[in-house]
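**Q** Could you put together the complete structure from these sequences and hints?
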Amino acid sequence: MKKIHLFLLIFCFTVSYSQNAQEIINKLKKDLSSNPDDKKTASIYSDLTWYYANISVDSSLFYGSKAIKEAERLKDSTLLAQIYSDLGAVYFRKTDFEASKNSYLIAYKIRKIRNDKTGMAKIAANLANVYNKQNQKELALKSYLESVEYFEKTNNFEAAALTNANISSLFMDLKNYQKASKYLNKAIQYQEENNKLDGLSTSYLTKGNIFLRLSDTLNALKYYKKCLKISREIGNKISEVAVLNNISKIKNDQNKGNESKILNQQSAQILSKINKSKDDTSLSLNVVSSLITDHKFLEAKKILLKLKKEYSNEPAYFEDLIQTYNYLIQTSSQLNQKDSVSFYSNAIMRLQDKIIEQTVRKQTNEFETKYQTVKKEKLIAQQKEEVKYKNILLLGLTIIVFFIALFGFLIFRQQKLKNKQQKQEFELKSAITQIEKQNELQQQRLSISKDLHDNIGAQLTFIISSVETAKYVADIKNTTLESKLSNISNFTKDTIVELRDTIWAMNSETINFEDLRLRILNFIEKATTATTDISFNFMVDNALKNTHLSSVQGMNVYRCIQEAINNAIKYSEANNILVEVILDKNEIKIIIKDNGKGFDVETISNGNGLQNMQKRMEEIGGTFQIVSEPTKGTQIKLNFKS
Amino acid sequence: MFIIIISAFLSSVILFLTYKIKKEQEDHSIKIKFLQNIINDLLEMNKNQESKVKLSDSLIQNLYNARNNIDQNVFDLQKEIIEKLAANNLLD
Chain P
1 MKKIHLFLLI FCFTVSYSQN AQEIINKLKK DLSSNPDDKK TASIYSDLTW
51 YYANISVDSS LFYGSKAIKE AERLKDSTLL AQIYSDLGAV YFRKTDFEAS
101 KNSYLIAYKI RKIRNDKTGM AKIAANLANV YNKQNQKELA LKSYLESVEY
151 FEKTNNFEAA ALTNANISSL FMDLKNYQKA SKYLNKAIQY QEENNKLDGL
201 STSYLTKGNI FLRLSDTLNA LKYYKKCLKI SREIGNKISE VAVLNNISKI
251 KNDQNKGNES KILNQQSAQI LSKINKSKDD TSLSLNVVSS LITDHKFLEA
301 KKILLKLKKE YSNEPAYFED LIQTYNYLIQ TSSQLNQKDS VSFYSNAIMR
351 LQDKIIEQTV RKQTNEFETK YQTVKKEKLI AQQKEEVKYK NILLLGLTII
401 VFFIALFGFL IFRQQKLKNK QQKQEFELKS AITQIEKQNE LQQQRLSISK
451 DLHDNIGAQL TFIISSVETA KYVADIKNTT LESKLSNISN FTKDTIVELR
501 DTIWAMNSET INFEDLRLRI LNFIEKATTA TTDISFNFMV DNALKNTHLS
551 SVQGMNVYRC IQEAINNAIK YSEANNILVE VILDKNEIKI IIKDNGKGFD
601 VETISNGNGL QNMQKRMEEI GGTFQIVSEP TKGTQIKLNF KS
Chain A
1 MFIIIISAFL SSVILFLTYK IKKEQEDHSI KIKFLQNIIN DLLEMNKNQE
51 SKVKLSDSLI QNLYNARNNI DQNVFDLQKE IIEKLAANNL LD
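First to last, the protein sequences are chains P and A.
Heads up: the first sequence runs through residues 1 to 642, numbered per the numbering used here.
Heads up: the second sequence runs through residues 1 to 92, numbered per the numbering used here.
What the hints contain is simulated information worked out from the structure, not anything from laboratory work.
Don't take every hint at face value.
As the list claims (entries may be wrong) - Calculated lysine-lysine pairs in the BS3-like style (CA-CA distance at most 25 Å, straight line):
#1 P:LYS493 with A:LYS47
#2 P:LYS153 with P:LYS112
#3 P:LYS66 with P:LYS112
#4 A:LYS31 with P:LYS429
#5 P:LYS418 with A:LYS31
#6 P:LYS450 with A:LYS47
#7 P:LYS196 with P:LYS237
#8 P:LYS226 with P:LYS261
#9 P:LYS416 with A:LYS54
#10 A:LYS31 with P:LYS493
#11 A:LYS31 with P:LYS420
#12 P:LYS196 with P:LYS117
#13 P:LYS29 with P:LYS75
Stated by the list, open to error - Per the computed footprint, the stretches of chain A lying under chain P, defined by three or more beta-carbons under 8 Å from a beta-carbon of chain P, are:
#14 7-18
#15 74-88
Said to hold, decoys possible - Not the full set, but computed from the structure, chain P residues with beta-carbon under 7 Å of chain A:
#16 ILE399
#17 GLN421
#18 ILE432
#19 SER449
#20 LEU481
#21 ILE488
#22 THR495
#23 MET506
#24 SER551
Yeah, the Cβ is synthetic: ideal placement off N, Cα and C, and Gly gets one too.
**A** See the structure below:
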């Protein structure tokens, strides 16, 4: 009786189809023979799975497998979920709960991916029924609660109420009547508010049963009567029979045999109409009870022997069989059949032993299953741990290999860099050695040159001295001879001057403009001894005070200025000579200006002096320019980079 | 934990190596700069000496010319004297 809710739920889902199922199947098969497209074919297979469920489970499973193949081929997850859900129901009907559970779980997974809350709610409810059948109460409760949550989210409160009623039945099984009542009240509240009579009849029956278990017969009768009224209204014969049997039991316990008898008769009439033999058993025991009360022991024993035969091979009815044996002991005792009393007493003992044995076996199996499950879980955990350890090891190795590679690369790079640096350093040091060697050679060469110059200087001085002595001692009157001796003397003097100038330049590491000025002044002093009326100015730009020229630059510039001044003194008849040195954008400009008679630059060809000046300036990367006009003096411009 | 420690240690080693390489590069560039400066100074000195050698060479050329000139003048003078002595019959 307490599983009536479960039955009703499945009944609700399936009964509406059963009457016309065969007609629908025929129509579907007709549609299938007209070669529809793939999607339609898959849909027909799915429908055939569902409609065959009430007629032929095997056919249903056959079309189910075809439907799955088609749906998978079409990649239609909605249809696939529906087919697995239908198959779950088919397997449930076939009492293959494991297969049913697997099908529902696949359907649940697909619908969860699709976030189909309506579908998930239905599957969770069906899964809960499967778990309940498998006696996995905890999982069943979890699935029921999940189902209620989804039903409420999708506003399917009727289904939520039915599921709450199922939760109540579950708690009844667990003998937790308080919670059973709590969940049932939720269902009843909704059903009463919305006048859902079908559900209400079953809920009232369950509520009555709860009160009966709590020995509150008054409230139990109250709800049984409510249930009876509604069951009659809506024609729910199963519920009506159940409630009549339960009221009959109460009446019998209250020693109201006649009322109980009437109720039993009513129940029997209904059962005969709906042809439900199994529920007859409860009714028969009620009848036996009434007969014993009426001291009709022979009639009672007759029924009891019939019931004994029926219950003997049905483990589910062992409790009823014990009740039957008890009644048989009672009737045999009344009929003075001692052997029978003894036989049935033994039978009860054997049966109880059998029940205990079954219970022990069941519990042992459960324990074994639990042990195996724990063992498997442990094994899985161990494997997971191993995989985790291997992953960590692999990760660690990868990191270490990466670092070693990086380390190797850095060492290689460092070594390469070191080699390169050493090579570069060696090259530079080699260059330094080479330059130093070259410098040393040049130094030696210069040293030799200096010695040579000193010797030549001495020899030249000796020549002059000899010539002058010869002139003085010989007292030469011949002008030609005197002129030739003077030529030798003058030329030698010029050579000594040149020698001294060169030695001056070579002895100075650098030459600045002050040195140059003093040298020029010294030269002018000697050059102008004959013509004292020439004024001379030498002006140097302040920015050039710290500028130093190399020996070659200094010597060439000195020679050019010397030549220009010499020309001015000799040919220009100037009384003012100005030497001006200025810095103009990194370029040194030297202007030698006189106020002499000047000349026409176009008509006078360059003599040796001018050519030498040009050559010397080119030698130091500079330029030479002469600007002159008759009567306007002469300007010689020397430009070179500092 | 072990991997973290190893990773931290290896990372430190790599950082140290990177730092060392960088430091060596810096030291090397300082050293190279110093050597280049020496080379520049030496080249400058070399250039200076070269210019002096050039002056010396030029002077030698001038002295060579001067010697030729003086030789010619002395020869002319001797020739003149001999001619004069010959004209006055003083050679005997």
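**Q** Taking the hints in turn, state whether each one holds.
**A** Now the hints, each set against the structure:
Proposed proximity of LYS493 (chain P) and LYS47 (chain A) is contradicted: the alpha carbons are some 31 Å apart, above 25 Å. In summary, the hint linking LYS153 (chain P) to LYS112 (chain P) is supported, as the alpha carbons are separated by about 14 Å, within the 25 Å threshold. For the given pair, LYS66 (chain P) sits about 24 Å from LYS112 (chain P) by alpha-carbon distance, which is consistent with the 25 Å threshold. Of the supplied pair hints, the one linking LYS31 (chain A) and LYS429 (chain P) holds, its CA atoms being roughly 11 Å apart against a limit of 25 Å.
A distance of roughly 13 Å separates the Cα atoms of LYS418 (chain P) and LYS31 (chain A); the hinted pair therefore holds under the 25 Å criterion. For the hint linking LYS450 (chain P) to LYS47 (chain A), the alpha-carbon distance of about 18 Å falls within 25 Å, and the restraint holds. A threshold of 25 Å between alpha carbons decides the hint, and for LYS196 (chain P) with LYS237 (chain P) the separation of about 17 Å falls inside it, so the pair holds. A threshold of 25 Å between alpha carbons decides the hint, and for LYS226 (chain P) with LYS261 (chain P) the separation of about 21 Å falls inside it, so the pair holds.
The straight-line distance between the Cα atoms of LYS416 (chain P) and LYS54 (chain A) is roughly 45 Å, outside the 25 Å bound, and the hint therefore fails. Proposed proximity of LYS31 (chain A) and LYS493 (chain P) is contradicted: the alpha carbons are some 54 Å apart, above 25 Å. For the hint pairing LYS31 (chain A) with LYS420 (chain P), the CA-to-CA distance comes to about 14 Å; that is within 25 Å, so the pair holds. Taken as a hint, the LYS196 (chain P) and LYS117 (chain P) pair is honoured in the structure, with Cα atoms around 24 Å apart against an allowance of 25 Å.
Simply put, LYS29 (chain P) and LYS75 (chain P) have alpha-carbon atoms about 23 Å apart, close enough for the 25 Å limit, and the pair holds. For the segment 7-18 of chain A, the stated coverage by chain P is satisfied: 7 residues place a CB nearer than 8 Å to a CB of that chain, which reaches the threshold of 3. Given as covered by chain P, the segment 74-88 of chain A passes the check, having 6 residues with a CB less than 8 Å from a CB of that chain where 3 are the minimum. The beta carbon of ILE399 (chain P) comes within 6 Å of a beta carbon in chain A, closer than 7 Å, and the hint placing it at the interface holds.
With its C-beta approaching chain A no nearer than about 5 Å, GLN421 (chain P) sits inside the 7 Å limit, and its interface hint holds. With a cut of 7 Å, the hint placing ILE432 (chain P) at the interface with chain A holds, because the nearest CB-to-CB distance is about 6 Å. Taking 7 Å as the C-beta contact cut-off toward chain A, the hint placing SER449 (chain P) at the interface holds, the least distance being around 4 Å. For LEU481 (chain P), the interface hint holds, the least distance from its beta-carbon to any beta-carbon of chain A being 6 Å, beneath 7 Å.
Because the closest C-beta pair between ILE488 (chain P) and chain A is about 5 Å apart, less than 7 Å, the hint holds. Using the Cβ-Cβ criterion of 7 Å, the hint placing THR495 (chain P) at the interface with chain A is satisfied: the shortest such distance is roughly 4 Å. Of the supplied interface hints, the one on MET506 (chain P) holds, with its beta-carbon coming within about 5 Å of a beta-carbon of chain A, less than 7 Å. A hinted interface residue such as SER551 (chain P) counts as satisfied when its beta carbon comes closer than 7 Å to some beta carbon of chain A; here the least separation is about 5 Å, so the hint holds.
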